[in-house]
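Work out the full structure: start from the sequences and follow the hints.
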Amino acid sequence: MRRALGALMAAALVAGVALFVHRPGPVDAQAGGAVEVTVTYMGAPVVEKLKVNKDTQKCGTEAVIEKVVVGGNKGLANAVVSVPSAKGAPKAMKATVDQHGCKFVPHVVAMTPGEIEVKNSDDILHNIHTYSTVNPSINKAQPKFKKVMTEKLEKPEFVKLTCDVHSWMLGWVAVRGRSRSRRARWRRSGSR
Amino acid sequence: MRALVHRRGAWGGQPCSTTLAATRGASLTVGHSGNPDYTGLAGSPSPARRFALVALIVLVFVGAGIGSACAQVGDAAAGKLVYERKCALCHGEKGDGKGPAAELLVPKPRDFTTGVYKIRTTANKVPTDRDLFRVIADGMPGTSMPSWAVLPEKDRWNLVAHLKTLAPDTFKEAPKKLELPKEVASSPESIRRGKEMYEAIECNKCHGTDGRADGPSRPELKDDWGNPIAPANLTMPWRFRGGSAPVDVATRLANGVLGTPMPSFIDSVEKPEDVWHLANYILSLAPRTLTYGTLVSVTAVSDAIPDDPDAAFWKAIAPNHIALLGQVIVDPRNFNPSIDRVSVRAVYHDKEIAFHLTWDDPTQSVEDAAKKTYADAISLQFPPQLGPGPERPYFLMGDASDGVYLLRWQNGKGVTEATANGPTKIAPLAGSEATGKAVYANGQYRLVIKRPLASKHPDRLTFQPAVFTPVAFQAWDGGAGETGTKMSLTSWYYLRLEEPQSNRRFVVPPVVAILTFAALLLVVRVANRRA
Chain A
1 MRRALGALMA
11 AALVAGVALF
21 VHRPGPVDAQ
31 AGGAVEVTVT
41 YMGAPVVEKL
51 KVNKDTQKCG
61 TEAVIEKVVV
71 GGNKGLANAV
81 VSVPSAKGAP
91 KAMKATVDQH
101 GCKFVPHVVA
111 MTPGEIEVKN
121 SDDILHNIHT
131 YSTVNPSINK
141 AQPKFKKVMT
151 EKLEKPEFVK
161 LTCDVHSWML
171 GWVAVRGRSR
181 SRRARWRRSG
191 SR
Chain B
1001 MRALVHRRGA
1011 WGGQPCSTTL
1021 AATRGASLTV
1031 GHSGNPDYTG
1041 LAGSPSPARR
1051 FALVALIVLV
1061 FVGAGIGSAC
1071 AQVGDAAAGK
1081 LVYERKCALC
1091 HGEKGDGKGP
1101 AAELLVPKPR
1111 DFTTGVYKIR
1121 TTANKVPTDR
1131 DLFRVIADGM
1141 PGTSMPSWAV
1151 LPEKDRWNLV
1161 AHLKTLAPDT
1171 FKEAPKKLEL
1181 PKEVASSPES
1191 IRRGKEMYEA
1201 IECNKCHGTD
1211 GRADGPSRPE
1221 LKDDWGNPIA
1231 PANLTMPWRF
1241 RGGSAPVDVA
1251 TRLANGVLGT
1261 PMPSFIDSVE
1271 KPEDVWHLAN
1281 YILSLAPRTL
1291 TYGTLVSVTA
1301 VSDAIPDDPD
1311 AAFWKAIAPN
1321 HIALLGQVIV
1331 DPRNFNPSID
1341 RVSVRAVYHD
1351 KEIAFHLTWD
1361 DPTQSVEDAA
1371 KKTYADAISL
1381 QFPPQLGPGP
1391 ERPYFLMGDA
1401 SDGVYLLRWQ
1411 NGKGVTEATA
1421 NGPTKIAPLA
1431 GSEATGKAVY
1441 ANGQYRLVIK
1451 RPLASKHPDR
1461 LTFQPAVFTP
1471 VAFQAWDGGA
1481 GETGTKMSLT
1491 SWYYLRLEEP
1501 QSNRRFVVPP
1511 VVAILTFAAL
1521 LLVVRVANRR
1531 A
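If you read the protein sequences in the order shown, they are chains A and B. Quick note: the first sequence uses the numbering used here, first residue 1, plus one each step. Quick note: the second sequence uses the numbering used here, first residue 1001, plus one each step.
No wet-lab data here; the hints were simulated from the structure. Nothing here was measured: the structure is a model prediction, and the numbers come from that model. There may be inaccurate statements among the hints.
[What the hints assert, rightly or not] No farther apart than 25 Å at their CA atoms in a straight line, the calculated lysine-lysine pairs in the BS3-like style are these:
#, chain 1, residue 1, chain 2, residue 2
1, A, Lys146, B, Lys1271
2, B, Lys1125, A, Lys140
3, B, Lys1371, A, Lys140
4, B, Lys1108, B, Lys1371
5, B, Lys1154, A, Lys51
6, A, Lys67, A, Lys160
7, A, Lys140, B, Lys1108
8, A, Lys140, A, Lys94
9, B, Lys1222, A, Lys54
10, A, Lys58, A, Lys146
11, A, Lys94, A, Lys54
12, A, Lys94, A, Lys155
13, A, Lys147, B, Lys1271
[Said to hold, decoys possible] Stretch by stretch, here's where chain B covers chain A in the computed footprint (C-beta under 8 Å, at least three residues):
#, stretch
14, 115-128
15, 140-146
16, 164-174
[What the hints assert, rightly or not] Far from chain B, by Cβ distances over 10 Å, these chain A residues were calculated:
#, residue
17, Gly33
18, Val37
19, Thr38
20, Asn73
21, Pro136
Every residue, glycine too, gets a C-beta built ideally from N, C-alpha and C.
Here's what the structure looks like:
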């Protein structure tokens, strides 16, 4: 599936002219323009469900693990598109991810190397546990009173986010910068 | 001079890196004491030789003094040889944690090639040499990693050097010292604050409300390699992987345990010194004294014995702590037993005997084929009759010729009686005379089993006061997949029904004293009259 996704995304790239796009946005004249990309996915959505045994007031009684989210017209949600051949410095993008309703919101977030803001809107204990290879891994508690934490992801890679307190919570951070091989860029798709 | 060198060895003092070369040089000098140049040393030493002697003594003492406090640089090649002999069986020849014994172990042996170390005193991923040395020297309590203090200190430092070569990328970076806030000594206020923080940061999610590792997230926890991992039972600090001194606990809280779900809390407590309050609170959860016994004293009581395990009656009776081990004689064996202790309170009166058992079990479970769990259970084992001699049935539930009598409790089934002729040959006894009640709360079972003191049945033991009665214990944590021969157990211990203490001991001595005094007065009076 990973290969299929990679192929789909590569196809989407052909249309790419801008430096870096997370989602369709308005044209930015200063940065030389933006690109709108539609990534379609021919397979079926992959969504797992799990019964929740704690914090049901915040998490609900059923957790939905969104592995592949596909819209009505086969549009693939949570896709990250980048343009490896683009010239010039990418526009800095700071990321924010919120632990809200026992989910990482957004499920996939893109950023340039730098800081990421991690919020906890749930008023319960979460932790932020990253799985990465080139960035130092992070495993920090985020109790209910710790509303915002700022962490650093300074090297380009796809970083998996989990919360060990709520094992179903899964998120991704696409840290994208320059001078990475194309293979490395598509090693993981935006939403696995 | 040789004696001096030996003493240095006996102190365990190895020079730290700064004095290493000098002391080595001095040792070499001693090694040459057979050289003709040095034969005259004891006679009339030249000033240069005298200086050498003084310098040697100073260096030896300084080296010994500093040695125990500072790290030294090991020899990785020499460490590799030690590693292959002592470590590879579990950790694998390549250090990838895939040794032949690895599959039997829980938790799994460390894969050194990842460079991920649980126990660090550093703020980054890299442990210090001393962190690695300490784990080698002290082992990791609660795991299969033993203390390697039997190895010469030099070998342990060499091992540290070898381990670092297995994950060169990790050790490229220098260890960054973790700055802990100033230590706060334990006090009732500090413990109170620690409890507040324990609740505020929700340690209970994994470690449970009372710290018995029964939190709701327990079944979901996985380490970084996807293996299930259990949270620490905080009431058992002797099993803490990185030690149980307040500074060890505060350090684990502050920088987390790498490769596990335990996160870093130094930036996630209200005030930095809260890590000390938390450490003090956590250490207050352990029993203050825990002496394991081999004799269970059964106290005589005159009142009715309550059925409720939580009745105040039971709290007034001193517990006998009994240590349990995994059953590793009969297949399937239990190398990683879940239950390692049961606390026993026992009382009797002229009609009944009652046992109050307390043990930790992180999951309350019944038989469920889908979840691969079994009923939690515990049993007390006795010989069916008390013989005149010291002979007892085989401790592992008897054998074909000599059976045992079991008082058992199983979750969902309650208390039953049985006889056994081996762990797989258990036969329930009809018309059970035993009753019982169990409660489960916050990772702990408390159970009362009652039975008439005497029995006419040949397979049911009659308890007799003041007789050493053999007793053994077996326990099963069904949630951890324990059933049948997969159990924790003890060998034969004894229980003794203490004879009721008569009130005469409060009456007779004072009466004797008064009578003696009266006799004394009488003697004095008679003597006075005669005079």
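Hints, verified against the model:
{"no.": "1", "hint": "A:Lys146 - B:Lys1271", "verdict": "holds, 12 Å"}
{"no.": "2", "hint": "B:Lys1125 - A:Lys140", "verdict": "holds, 13 Å"}
{"no.": "3", "hint": "B:Lys1371 - A:Lys140", "verdict": "violated, 31 Å"}
{"no.": "4", "hint": "B:Lys1108 - B:Lys1371", "verdict": "holds, 23 Å"}
{"no.": "5", "hint": "B:Lys1154 - A:Lys51", "verdict": "violated, 54 Å"}
{"no.": "6", "hint": "A:Lys67 - A:Lys160", "verdict": "holds, 12 Å"}
{"no.": "7", "hint": "A:Lys140 - B:Lys1108", "verdict": "holds, 24 Å"}
{"no.": "8", "hint": "A:Lys140 - A:Lys94", "verdict": "holds, 20 Å"}
{"no.": "9", "hint": "B:Lys1222 - A:Lys54", "verdict": "holds, 17 Å"}
{"no.": "10", "hint": "A:Lys58 - A:Lys146", "verdict": "holds, 16 Å"}
{"no.": "11", "hint": "A:Lys94 - A:Lys54", "verdict": "violated, 32 Å"}
{"no.": "12", "hint": "A:Lys94 - A:Lys155", "verdict": "holds, 14 Å"}
{"no.": "13", "hint": "A:Lys147 - B:Lys1271", "verdict": "holds, 15 Å"}
{"no.": "14", "hint": "115-128", "verdict": "holds (count 4)"}
{"no.": "15", "hint": "140-146", "verdict": "holds (count 7)"}
{"no.": "16", "hint": "164-174", "verdict": "holds (count 4)"}
{"no.": "17", "hint": "Gly33", "verdict": "holds, 40 Å"}
{"no.": "18", "hint": "Val37", "verdict": "holds, 34 Å"}
{"no.": "19", "hint": "Thr38", "verdict": "holds, 35 Å"}
{"no.": "20", "hint": "Asn73", "verdict": "holds, 36 Å"}
{"no.": "21", "hint": "Pro136", "verdict": "violated, 6 Å"}
Hints 3, 5, 11, 21 from the list above are not met by this structure, while the remaining hints are.
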